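Participant: Construct all of the structure, not just a fragment, from the sequences and the given hints.
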Amino acid sequence: MAGYLGSYATLGLLLLASVVVFVGAFSANRLLRPASPAEPIGKRETYECGVDPVGGDWAQAQIRYYVYAYLYVLFAVEAVFLFPWAVIFDRPGFGATTVVEMAIFVAVLALGILYAWRKRILTWT
Amino acid sequence: MHDTVEYAHASGLLSSVWLLIAIPLASAAILLLLGKRADKWGHWLGVASVGVSFVLGLTYFFQLRGLDNRAVELSLFDYIEVGSLHVDFGLLFDPLSAVFVLLITGVGSLIHLYAVGYMEHDAGRRRFFGYFNLFVAAMLLLVLGNNFVMLYIGWEGVGLASYLLISFWVERPSAATAGKKAFLMNRVGDAGFAIAIFLMFAQLGTTQYDEVFNGIGAVASGTVLIMGLLLLLGATGKSGQFPLQAWLPDAMEGPTPVSALIHAATMVTAGVYLIARSNPIFTANETLQTVVVSVGALTLLIGCIIGCAKDDIKRVLAWSTVSQIGYMFLGVGLGGAAYALAIVHLLAHGFFKAGLFLGAGSVMHGMHDQTDIRRFGGLWRYMRITWATFGLAWLAIIGLPPLSGFFSKEPIIVAAYEREGWTAWLFGTAALIGAGVTAFYMTRLFVLTFHGPKRWTEDIDHPHESPPVMTVPLVLLAVGSVAAGGLMASSVPDWLVPALGDHSGEEVHAVMSHGLITALSIVVTLLGAGLAYALFRNGTALQEQPAGPVVTAARRNLYADAFNEAVFEKPGIFLTRALVFLDNRGIDGLVNGLAAAVGGGSSRLRRLQTGFVRSYAMSMLTGALLVVAAFLALQLGWLA
Amino acid sequence: MEDLSLPKIDYAAVAPMLILFGVACVGVLFEGVLPKAARRVTQLVLALLGLVAALSVIVWQSDTRVLTAGGAVAIDGPTLFLQGAIIVLGIMALLLIGDRAMEHGGAFVAQAAITVGSEADRKQAVKEQGATEVYPLTVFAIAGMLLFVAANDLLTMFVALEVFSLPLYLLCALARRRRLLSQEAALKYFLLGAYASAFFLFGVALVYGFAGGVEFGTIHDSVTESTQSTVLLYAGLAMIAIGLLFKAAAAPFHVWTPDVYQGAPTPITGLMAACTKVAAFGGLLRVLYVGFDGVAWDYTPILGVVAVLTMLIGAVLAVTQTDIKRLLAYSSIANAGYLLVGVLALSKDGLSSTMFYLVAYGFTVIAAFGVVTLVRDADGEATHLSRWAGLGRRSPLYAGIFTFILLAFAGIPLTSGFIAKFAVFGAALDSGEAWLVVFGVVTSMLLAFPYLRVVVMMWLSEPGESTPTVSIPGGLTAAALVIGVVATLVLGVAPAPLLDLTTSAADFVR
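Residue numbers (this note's numbering), protein chains in the order written: chain A, 1 to 125; chain B, 1001 to 1640; chain C, 2001 to 2510.
Be aware that a few hints might be false.
[Claimed, not checked] List time: in silico DSS-like cross-link candidates among lysine-lysine, alpha-carbon distance up to 27 Å:
1. A:Lys119 to C:Lys2127
2. A:Lys119 to C:Lys2036
3. C:Lys2123 to A:Lys119
Treat the hints as calculated values from the structure; they're not laboratory data.
Small disclaimer: the values here were computed from a predicted structure and weren't measured.
Facilitator: Structure follows, in structure tokens:
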């Protein structure tokens, strides 16, 4: 359990345990259930109970969602960098420079939003 | 043996020696860049630029005669300065380059003048003169450079000009093919030359003539041999010598002045220049000299044997060029005093061969571009000047005294007999036989063209003599053919001493007496000429006659083309095709193969992957696996 | 908590990059706020001014030799030289990009997102001016390349790689004509680029595992001192090299090159062939010379095989090409091989000759693509080689320029191509890599054939019905052509000043 790969052993054990639990649960199920289960109507639908699905399973997603996803990433990236920055920016030796740097960073991201807005990507038509 | 080579710095008038190259180059640039605007006067500019270069060359020549050292160097600027490599853009004007300058610009001016008449009806005349000037400039650079890199640049330059001019009439497929062939065969030789220069630099750290020649003594003998063989390969490519001789006769597809200037008088002698210039390298190794001599002897025989079997006037002359350059190679290979003899033969050959080609051009001019000698006959009555000048050049080339060929060829035969042991008999006799066969086929050519019954095609009723602009150069060249040999045989060897070394005091013994060899060579010449006269005095059959294996082989250029095709061309084509096939199919095939190996998922995977990016990615992955595997194999010590 | 401190940044030294990133951001801003009619001129002038300003700073800073930004960026001789080269070549490419004289609206599509072949697409093809986003995108790409050649650790290098790659993927998709081909090219480039980046990143991770750091200095020290198993090191180095060789278009990672060069708008192809090559080899030089020089003996044979393969594939496949842009693409692959020969000399000479080669090749190749933009018919550029037959009769000037360029590619003396090849081969010979030089010389001769085939076709064939006309270039393209041709000639006749410059710049800081 020591050495470079040692810490992976725990992970391996965990995976092993999960496999055991999974196989165990299904085996127990198989042993306990009736030998010839009932076949009521709708049992093999996607949703056993609830609304019946309509149409095929091949649907195109709106390309607009892609743009929103992209804009989301923009904010996510902003957050990723903002949090660690927020922890340290008031320490001695950081101060104004750090604030200005982060301002520039945020401004660059804001520029992206501005561009998207001016190109009318934010309106849903 | 090794005298230190040293060049003085150019001063005074000689410091403007670069003008020799600059003038034709500028003229070429003007002609090619101005386009149609220069059509009216372009050809005269072309002639004038070479003429001016000739006058300048003469001036420099007399200037050089007045100097003690008789070799001046002029450094223009540093061309390449990388690390320890230093290449000077410099020129060297010494006796050897001086005679070449005079040959190139002198014969060049005459041929330029002739071309004004010859190309009169050609729409591309201005372009032609542009290329022609370009050639002259490159050739002058070749002989004037003071290091091997400059020589190489000029070498490639004349190759380019020659390539452009061979394919000048590109609408003829044969001309385009001939251009390609010349180019490719020259590349083989050039590759050798380039590697020789690399080797020189690796061994000596320089490519300057003086430094190389002074340092060659310290280089291992095996290295000198390899370097010399590579230089020789370059020389054989440019000069149409065995094994790279096949392109030269095909090069006759170009306009006749081109054949005269480039493929007879000047460019093809660049190989001889290269060996003569590098004489300290060749002298330093006995084996090397033997190889050069063998190449020369073999080629001179090949050339004259094939020359007997050809019926195209220019091809016969072309093979005779191959054969005569064989004599020059023989000369430079023999070494010592024979270097100078080869140069004398080269100069004399420049005159009479240019005269022969221009004469042939004049005949073609009058005969509707007919080149088949079986279709000539009796022309002496109609073109007297051409007949007379061609006749003198013919007598010169077969080496009849007192014309120039005798004074230049016969000493080489004597020199061949001066070798030691059985090789004297071998090479001397080869040269002697060559002289006889040369006399045979050249006489055949002359008799069939100018004498005997008329065998013209129906559309010709009265051939006309060419205009003065063409006949004047013919006359001047004929004068050269008569007189040049005798004059040069006595003066040129002395003049060349600073470049080729002094060999006057060396004792030599021929296996036969000098007089006997001379007599023999005259006898075989007369025999060959007489035999040809007797056979062809009454004309010849118009159709190709059935022939035995020897003649068939000669007609097929001794199968050199078939050999080249089988050995070089086919594998090259195969390699290209194979790689294209690999790129188109192999990578996809690999994907498919791997997929099949993975199992039944292959077909489903293929349906999912419709773009070809996958095969790209696959090849990248394969490459990546190989690279990583190689690194790891190395690390585990499997490769290292 | 451990002590953190703010890394010092030498702003003057990184100013060229800051200027360009700033200019690109301003460009995006202009895109949002300026009226359409004013955008093109403003963007072009802004981009050119930014590049010139950055170049001036580089010249002014030419003696700087520092490690800055916490060791993430190294400003030294090679960095400054390569940055300068990228900017100069970038200016030329930008001139080609900005020219709208040959085609109404320029070489770029107005709305790349419109479905190809739809009604709206037909309308925009006729009426609309090309998108002006190309200028900020180009500046972003160039700025990324500047950072790439300056990066002193593998992570910065990776970020820079992505910064300059993403705009290029996008630019490839923006051709005005033959849009499907262009989009396909962009997608291929993107997918394969991402694939290669993954290799690079994996390699970085493995090397980190070995060295415990990503700075080249740290890696250098561990390579020479570490007693750890070197499996991680070698696997990592191999993968990093793969990522870089992809960008450099070395076999077998060259597969994208012909398709992308053919599909991308021609000015962008010029940008990629010149600037990306400089950047990729700049990065490769730094990785191999600074980070991994301790294992030089181990990687030289493997990368040597890659170089040989690259030269062979580029040269042999160029022979059968029928499209001028694909032909130039294979020639660019072969040139990557020659550059690798210079890199593998692993000496000061190798470094300086490779840098010289990059500059010489860059000038020539942009001029070549500049000529390609001029040869057009009613359907845009006529790139099929058969269409070039007889061009010399139609337009001797441009056919002459192209002939000169091809001769330079073929390495004929008195052109920069000759000196450049001579320099890299000489450096390789000095380092005892004669086998690479042999392959180099052989493939150069092979390559001369396709080049001369084009020359022969242009000059020695009769112009047919289908021989396209040659457009009169706008001032911008003409300027780029003149710069390219003059540089090719000058570097061929008097290369000494630039050779001196590369020699004096050939020292990395570590």
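Participant: For every hint, state whether the structure bears it out.
Facilitator: We went through each hint and held it up to the structure:
1. A:Lys119 to C:Lys2127: holds, 19 Å
2. A:Lys119 to C:Lys2036: holds, 12 Å
3. C:Lys2123 to A:Lys119: holds, 20 Å
Hint violations for this structure: none, all hints satisfied.
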